[in-house]
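Undergrad: Below are the chains, spelled out letter by letter.
Number of protein chains: 2
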Amino acid sequence: MQRISLAHGEGGELTHQLIQDIFIQSFGHSEQTQFDSAILAIPSQTIAVTTDSYVVKPIFFPGGNIGKLAITGTVNDLAVSGAIPHVITSGFIIEEGFPIKSLKEIVNTMAWEAERAGVNIIAGDTKVVEKGSVDGLFINTTGIGVMQKQHRLKPEAIREGDSVIISGTIGDHGVAILSARNELGLLTDVKSDCASLNHLIHELLEEIKGIRIMRDPTRGGLATALVELCEDFRITVEVDEASVPVRKDVQGACDILGYDPLYLANEGKVVIIVDSNDKQKALDILKNHEMGKDASVIGQITSCHIQSGKLLLKTAVGTTRRLNRLSGQLLPRIC
Amino acid sequence: MQRISLAHGEGGELTHQLIQDIFIQSFGHSEQTQFDSAILAIPSQTIAVTTDSYVVKPIFFPGGNIGKLAITGTVNDLAVSGAIPHVITSGFIIEEGFPIKSLKEIVNTMAWEAERAGVNIIAGDTKVVEKGSVDGLFINTTGIGVMQKQHRLKPEAIREGDSVIISGTIGDHGVAILSARNELGLLTDVKSDCASLNHLIHELLEEIKGIRIMRDPTRGGLATALVELCEDFRITVEVDEASVPVRKDVQGACDILGYDPLYLANEGKVVIIVDSNDKQKALDILKNHEMGKDASVIGQITSCHIQSGKLLLKTAVGTTRRLNRLSGQLLPRIC
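First to last, the sequence lines map onto chains A and B. Going by this note's numbering, the residue at position 46 of the first sequence is 46; the numbering climbs one at a time, nothing skipped. This note's numbering runs 1000 ahead of the 1-based position in the second sequence.
Check before you lean on any hint, since a few could be wrong.
Unchecked claim - One side of the interface only, derived from the structure: several residues of chain A facing chain B at Cβ under 8 Å: (1) Gly-9; (2) Glu-13; (3) Gln-17; (4) Asp-21; (5) Ile-47; (6) Ala-48; (7) Thr-50; (8) Thr-51; (9) Ser-81; (10) His-86; (11) Val-87; (12) Gly-91; (13) Lys-293; (14) Val-317; (15) Gly-318; (16) Leu-326.
In case anyone wonders, no lab produced these hints; they're calculated from the structure. Don't be surprised by glycine CBs; every beta carbon is placed ideally from N, CA and C.
Modelling step: build the complete structure from the supplied sequences, incorporating the hints.
TA: Below, the structure written as structure tokens:
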């Protein structure tokens, strides 16, 4: 059989075979074999839980595929919360006729990326729907992480003068997806930055006590992530546009198409608010990693405990303007 | 705004509003507000985790909707594993143009069912895809339950003579879905049995020490669930067809359409293997509940420690035949 059929999703013999041949083959046996749920021991009673559905289009893109994105996205959500990613569940919704070869490739990528990140994939689910009822393949991943007391983030300690750091160039994922869709009308070499940041973030949390809070600037981009931080913690963040790292080809694509890299999705970046006394140490650690080599201090907290938080951008020409979260439609199905 | 637009899934202002107006309105605030993950304390270090995607068609059916199914299905998966359901995550994939009124109704049903089952809904996610890329609405739910030592299931204690109990009539969900699709060509009053069984199962586990293992016979029906038990634990189960409870109208629909109720999905039933000394006590507890009032002993374990498990059916006419798991295509998108 070369393609997925509806019967693969019926819960009977073919579902059994699909699970045996593809999922268990790649993900290994879980504790789940005897039960409807995976039963597992976890090294803490405080856990972090996150869930995401992935509907990226196209499913394969420069720098990754939907499976890699599902693992790295979930790992990063846990990591920026200060948790150590522990296990991930995966739910597949597959269109009838989907090539089994592609499914295998995606599942193998997930297994490989999970191993790199040090998480186990447990408790999967597979549904198959008729041709036309879903666009190829969607994946949901839910991650459970373990909180460690010594890694507790301290957003309550945010104060004026704290630094804002981004771990690298922004907008790469967004432009890679646009490019893969041939929506650019031009060729770029930009690859998605999608990567698991948990080991890098773990090192930062081990070494630096002054980290207040972190976010992964995915859908909605860096600007939206920062606006949310400003609102959640009632602070003003001032970003210096000139210090925000953007690849030349990403900026070029944005200039042509009228996009702002600040609003384009990233899938392997973290934005960090840190005590300014620790900013150099944080930068040193980041730059020592492949994934953080373009890290940059991009701004600071200019006021705290205000009524409603706001994000300000100091532009290259010296003016300051307020940025809001992404409004309206920019790029559907970016992740 | 009356319909979901692509911009509702972009992670910006409209996503924010959708989450505020619909999800937080119904599900309440989670611990998630400050982080990318929900951070929570759990009362045990042994947990059960399960995940399921729901693609049922139609989304609304007699006895429930996709949201009720997502909660009850996940609650039941945890409960039959011997876990106390604790939290559920929910991921929504919504088709552009989906009516906001329907989304609200579904989300409200989920909130209501979660409250009834005693679980919190945490850590949601919303993606919106273009018209035609998904059939209305799919939901993924992942559940985390807490294991209790005194409720540990003991499949290793299964022995010859153990009883097999089903908690009520089978095939109701399957026929209700068929009926809602107008595929029957006849009208039935059959409602889906979809319901959270965790309180009932909790009482069984509190009162009866001889429960070996449980399963919820969903996709693939009672026969597939029993075949899996037989294979997993290398036992022979002999089921007496005459004692399997089937509603008359369900049997009638099956007779007309050529379906076997043993393979039709159930969404509010549990099959239990129990020490035969405890079978009467288990029946008494079940029959004392609305959801277990039609419970019946349907068979027993006739051999253990065999090379490969098998399920035998003693038919009404006195013959015995072997049943396999569902093979091929029966009813796509039943859950």
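Undergrad: So, for every hint listed, does it hold in this structure?
TA: Right, here's what the structure says about each hint:
Restraint check, Gly-9(A) versus chain B: the minimum CB separation of about 7 Å is within 8 Å; hint holds. A cut of 8 Å between beta carbons decides the hint on Glu-13(A): the least distance to chain B is about 4 Å, and the hint holds. With its C-beta approaching chain B no nearer than about 10 Å, Gln-17(A) sits outside the 8 Å limit, and its interface hint is violated. Because the smallest distance between the Cβ of Asp-21(A) and any Cβ of chain B comes to about 15 Å, over 8 Å, the interface hint for this residue is violated.
A distance limit of 8 Å between C-beta atoms decides the matter here; for Ile-47(A) the minimum to chain B is near 6 Å, and the interface restraint holds. Taking 8 Å as the C-beta contact cut-off toward chain B, the hint placing Ala-48(A) at the interface holds, the least distance being around 4 Å. The beta carbon of Thr-50(A) comes within 4 Å of a beta carbon in chain B, closer than 8 Å, and the hint placing it at the interface holds. Proximity of Thr-51(A) to chain B holds as hinted, the smallest CB-CB distance being about 4 Å (cut-off 8 Å).
For Ser-81(A), the interface hint holds, since its Cβ comes within 8 Å of a Cβ in chain B; the closest pair sits about 4 Å apart. Given the 8 Å rule on beta carbons, the hint for His-86(A) is violated: about 10 Å separates it from the nearest Cβ of chain B. Against a cut-off of 8 Å between C-beta atoms, the interface hint on Val-87(A) holds, since the closest Cβ of chain B lies about 7 Å away. The restraint placing Gly-91(A) at the interface with chain B holds, with a minimum CB-CB distance near 4 Å, inside the 8 Å limit.
With a least beta-carbon distance of about 24 Å to chain B, the hint placing Lys-293(A) at the interface is violated under the 8 Å criterion. Checking Val-317(A) against chain B: minimum C-beta separation of about 26 Å lies over 8 Å; hint violated. Annotation: interface hint on Gly-318(A) violated; nearest CB of chain B at approximately 27 Å, more than 8 Å. Against a cut-off of 8 Å between C-beta atoms, the interface hint on Leu-326(A) holds, since the closest Cβ of chain B lies about 3 Å away.
In this structure, the earlier hints numbered 3, 4, 10, 13, 14 and 15 are contradicted, and the remaining ones agree with it.
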